[in-house]
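Colleague: Sequence:
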Amino acid sequence: MLIERTDNEVIICIPSYVDTNDLQKLIDFISYKEVTAKTKAKQSDIDKLATTVKKGWWKKNKSRLIK
5 MLIERTDNEV
15 IICIPSYVDT
25 NDLQKLIDFI
35 SYKEVTAKTK
45 AKQSDIDKLA
55 TTVKKGWWKK
65 NKSRLIK
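Its first residue numbered 5, the sequence shown is counted upward by one per residue in our numbering.
Source of the hints: derived by calculation from the structure; they are not laboratory data.
Accuracy of the hints is not assured; some may be wrong.
Taking lysine-lysine and the PhoX-like style, the derived pairs with C-alpha atoms no more than 20 Å apart in a straight line are [as the list claims (entries may be wrong)]: (1) Lys52 / Lys63; (2) Lys52 / Lys71; (3) Lys59 / Lys42.
Derived CB-CB ranges, DEER-like [to be verified]: (4) Thr55 / Glu8: 20 to 30 Å; (5) Asn65 / Ile31: 43 to 53 Å; (6) Glu8 / Ser48: 19 to 29 Å; (7) Arg68 / Glu13: 15 to 25 Å; (8) Trp62 / Leu6: 45 to 55 Å; (9) Glu8 / Trp62: 44 to 54 Å; (10) Leu69 / Glu13: 19 to 29 Å; (11) Ile16 / Lys52: 45 to 55 Å; (12) Met5 / Thr56: 33 to 43 Å; (13) Ser67 / Arg9: 44 to 54 Å; (14) Arg68 / Gln28: 26 to 36 Å; (15) Ala54 / Gln28: 17 to 27 Å; (16) Thr56 / Leu30: 40 to 50 Å.
Beta carbons are placed, not taken as given, at the ideal position from N, Cα and C, and that holds for glycine.
Work out the full structure: start from the sequences and follow the hints.
Modeller: Dropping the structure here:
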């Protein structure tokens with residue numbers, strides 16, 4: 005494995021025999037870290053948003069799931 009840092013990015017070279025499912029999990033985590041790195045949101049704000057989204061989804065799909 006080789007890790008190189010340039011002015012604008014970090015480059016990671018991984019051998020092709022490494023399991024791609026594990027790599028996808030790693031990439032998903034890195035993407036999450038990148039997206040949330042500069043957020044100023046508080047955990048309570050995120051929890052409220054998640055609750056709102058779940059309620060909206062349930063209202064939209066309840067009749068389809070419970071017959």
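Colleague: Would you mind marking each hint as holding or not holding in the structure?
Modeller: Now for the hints, and whether the structure bears them out:
The suggested pairing of Lys52 with Lys63 holds, with an alpha-carbon distance near 17 Å, which does not exceed 20 Å. Distance check on the hinted pair: Lys52 and Lys71 sit about 29 Å apart at the alpha-carbon level, beyond 20 Å; violated. A hinted pair counts as satisfied when its Cα atoms are at most 20 Å apart, and Lys59 with Lys42 does not qualify at roughly 27 Å. For Thr55 and Glu8, the hinted distance range of 20 to 30 Å is not satisfied, since their beta carbons lie about 42 Å from each other.
Checked against the hint of 43 to 53 Å, the C-beta distance between Asn65 and Ile31 comes to roughly 29 Å, which is inconsistent with it. Hint check: Glu8 to Ser48, Cβ distance near 39 Å, so the stated range 19 to 29 Å is violated. Restraint check, Arg68 to Glu13: a C-beta distance of roughly 44 Å breaks the suggested window 15 to 25 Å. Take Trp62 and Leu6: their Cβ atoms lie about 47 Å apart, and the range 45 to 55 Å holds.
Between Glu8 and Trp62 the C-beta distance comes to about 47 Å, which sits within the given range of 44 to 54 Å. In this structure, Leu69 and Glu13 break the distance hint of 19 to 29 Å, their C-beta atoms being roughly 44 Å apart. Checked against the given bound of 45 to 55 Å, the beta carbons of Ile16 and Lys52, roughly 36 Å apart, lie outside it. The supplied range of 33 to 43 Å is met by Met5 and Thr56, whose beta-carbon atoms lie about 42 Å from each other.
Between Ser67 and Arg9 the beta carbons are some 53 Å apart, a value that agrees with the proposed interval 44 to 54 Å. Range check, Arg68 to Gln28: Cβ separation about 30 Å, and the 26 to 36 Å hint holds. Ala54 and Gln28 have their C-beta atoms about 23 Å apart, which keeps the hinted 17 to 27 Å range intact. Taken as a hint, the range 40 to 50 Å is violated for the pair Thr56 and Leu30, whose Cβ atoms sit roughly 30 Å apart.
Of the numbered hints given earlier, the model fails hints 2, 3, 4, 5, 6, 7, 10, 11 and 16; all others are met.
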